[in-house]
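Engineer: One letter stands for each residue in the lines below.
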Amino acid sequence: MYALIDVHKRYGLRTVALRKLNLEIRHREFFVLYGPAGAGKSTILNLIAGLTKPTSGDISRDGVSIAHLPPERRGAAMAFENYALYSHLSVAENLAFPLRAAGLDRSEIESRVKRIASVLGIPHVLDRRPGFLSGGQRQRVALGRAIIRPADIYLLDEPIGHLDAKLRHRMRAELKALAVEMNATVVFTTTSSKEALALGDRVGILNSGRLEQVGTPAELYNSPANTFVASFVGDPPMSFLSVTARRSSDGVKLYNGDGQAIASAPFDVLGRTALKAGLRSNAIQLVDAQTSGALKGSVQVVEHLGHSNIAVIAAGGDSIQVSLPADRRLKPGEPVGMIIDPRQIHLFADERALVGEHV
Amino acid sequence: MLRRKSSWPVEVLRYGTILLVILFFFFPIFWMVLTSFKPESAIMVSPPQFFFTPTLDNYAHALVDKNFLFYVKNTLIISVISTLIVVAFGSLAAYSFARFNVGDGHILFFILSTKMMPAIAVILPYFLIFRDLGKTAIGKSLHLGLDQHGALIVSYVMFNLPFAIWLLVSFFQDIPRELEHSARLDGLSRLQVLRKVTFPLAAPGIAVTAVFTLIFCWNEFLFAYILTRKAASTVTVGVESFFTLQGILWGPVAAAATIAVAPMLVFVLVMQRYMVRGLTFGAVRG
Amino acid sequence: MARITAQNLIKRYGAFQAVHGINFDIADGEFVAILGPSGCGKSSTMRMIAGLESISDGAILFDGRPVNDLRARDRNVAMSFENYALYAPITVYENIAFPLRSAGMDAASIDRAVRSVAEKMELGQLLSLKPGALSSGQAQRVGLARALVRKPAVFLLDEPISHLDTRQRYRMRRFIKSIHQEFGHTMIYVTHDQEEALALADRVMVMSDGLIQQLAAPDEVYTRPANAFVAGFVGEPPINFLDFTDADDRGLTIEGNRVALTEKLCGLVRQIGPRGIAAIRPHFLRLGGGSPVQLRGQGFITEELQDHNEIFVDVGRTRIALVTPPGQKVHRGEDVTVSVDPDHLLLFPAGNKVREHSDDI
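Residue numbers (my numbering), protein chains in the order written: chain P, 1 to 359; chain X, 1 to 286; chain R, 1 to 361.
Just chain P, with the same shape it has in the complex:
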């Protein structure tokens, strides 16, 4: 088990990469660090690997501090986002590099290189220099070099980020299967919500050097801690409505900027200010504009995604995304009504999630 304890990391005098970060990577878990570019994902990997030192705080393995240990004694293997392949060596020599450094004998090295090349589907390029490979092949060589030798922890920095969509989808499944098979502890960084949900046993969401939330994909999707997490997990992202809670004849209701009731409050939020209601695109049912009790709005934009459509509906100053079947046709400007399931409303006050007993 690796842990970062109160880690603060600054580059130079001004750039703060990580702020008071506490993170635990459990034994044999597939941990995904997910966040926008520049959030500090690579910095965390570099800290674990020992390639950079924390400005303050500690890094430990199984409860023992390893902050002072050099990289070669951290037990980490790493794949770098920009591949970091040696352009003066062939693919086979690149793959063999960590094994040579470990002093394995020639025949053992050769058989391992062959095995890993066939797992990654690159046996035909072993003799080539990295300069003559496609981006996808380079990325697989980089991945191969990281997993070719046994390590206590595998640090994979956006290892499939540069592959084309088809390969990326396939490699995602294969990577997960490989990790399960190897029984490995993996830290994987990504900027894709789908990859985070598909791969992670647990996911840490990073924003400007701070961990916003750590949890299983289901926890992050169903109970996001704040609006940042809510808008970052799930595809398309959650829509937010500015609402106020008021008592009406049949209980407390949420009203949008137009003063329209959008739904009953799922729990008591009277008196809370700066309220936002978060809705996933599949939590809303689109109905005729005249339907009583429906939230009225007008269609802004309709996007055809092939297997489904997304309509963006303007209502009370908010833009709300609604998923529709592919054959449902809508025109921009068309008035529509929306029925919202109160049980699927996520409520936030001052950007933080409110939790309460659902009625």
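It is worth saying that the hints were derived from the structure and are not from the lab. You can trust all of the hints, since none of them are fake.
No more than 35 Å apart at the CA atoms, straight line, and that leaves these computed lysine-lysine pairs for DSBU-like: (1) X/Lys230 - X/Lys140; (2) P/Lys114 - X/Lys196; (3) P/Lys331 - R/Lys264; (4) P/Lys253 - R/Lys120; (5) X/Lys66 - X/Lys230; (6) R/Lys120 - P/Lys331; (7) R/Lys120 - P/Lys296; (8) R/Lys329 - P/Lys194.
Once you have looked at the hints, place chains X and R on chain P.
Structural biologist: Structure of chains X and R alone, referenced to chain P:
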């Protein structure tokens, strides 16, 4: 911008211009080689002669009477040793500037600023230093006195190192850090990483630096002229020695100059391929 | 506003030919996305429309008038770049005003034009800032505003949002779409992201190897791809390809599974021959039996994406993906049956044969 196909007069004009420029730059070399084969009577005549009976007299004079190969040997020793020292120290220094940001850029700038001084401004102090150094025990053992190889080597190293470091820093900066990080994780020590990863990748850049340094040392005149008399003189000074009180021996001068230039010309032609690769060098990236 | 026509358009770089004589016709006010992998010729095509690249052969016409010999600045084309290309030392206001100033417009008209476009682009508050103080999404909007302020006839966008993060991408995508609805320019949008192309465009022009593979509405490109390339490039998750053999009038064999064919597909099989490629989107597959077209295989892995699951199944030597409702699962090595929606089974000739598609002019 739209680029259209040019008509033939434009093409003629373009290639004509290129030819003229080439002629302009190559003519002195051409004339030097031509003169080296001319009999004395044909050298200074006006109008200049392009057709004459070639002779090897000038080469004989330069090589036999003046023992010009002695200067070539001196130059070779001094240039090669200077270059080796410059490259060795330069790459280590440049690496630390590129990777550890030593001195936050200020030292790097300071080092280059020494290049801004004209050589003539420091030649007198150099002369005095080496004159006195030559009298000390350590100076004697390292041949650091006037008219000794060591003095010129030290001067050339001092003069070339700043530029070499400056050039090499950019080559090292072009090598992604991740390449070294990855090797570190594989269990190599910092020095092993340097030897097995960084330097092989920087080789084209180092080669370019070596070539520039060698060319500079080979062609240098001022230091060699002031700091040597005979024993450690280089080709440039050797050529100058043909300027006698009786007059300038143009034929032997041309022959000696041709001999002096030839090795560098061949060397640069051979290295050209590597130099172009070095100047466009970059590691494999996305 | 302009209608854009390409006639047998060719682009060569020395001996290399990047665009091989393509034809298309983009209606006035239409939004067309040019979609394709890197090196497919999409950027060359756009740059020829913009006048940034010479036309090696063929012609580009604006409203029926050839523009081959018009310089970029005389074509009344605006272009927005991925890196926004803003001038750092001057304010947002001056950045937007820049093209008008260089056109020599008077100060009052410039002010009116800048303020009007800034309001529509929600930049009113930012006019006095310098580009360095903007977020990437804001900088992108300024870039778009600067392109729009000259009231161009054609608006070209070259991968304008590919570097933004997911949330910003969604927002900018809608923003661009609403600009189109508001201003009504002829818009051409180059991208390698199929979702962007489908979401934004009235028609999608799929390019590969310097040829137009298909030019059609998003739904059409998705459900009736012209060839295997288009089928594979469009759709998320990517389409599944399986080799088929022994095709005859009644059915065909996919990885050992004998499959009955519908009337429509039988006609197609007669054209293709006994061997070829079957393609089926992950959304049109489900776990379990009950369809005339069934495949047997072994489970590989289940990915739980919360609002749906993606399940990988090995059918013979081919690994296929399914999109299922949440909760469905397979275990590794488990025997499973997969049902194919026969209406969405696509058949293509073997060898990924790519056929040129050109619109009649």
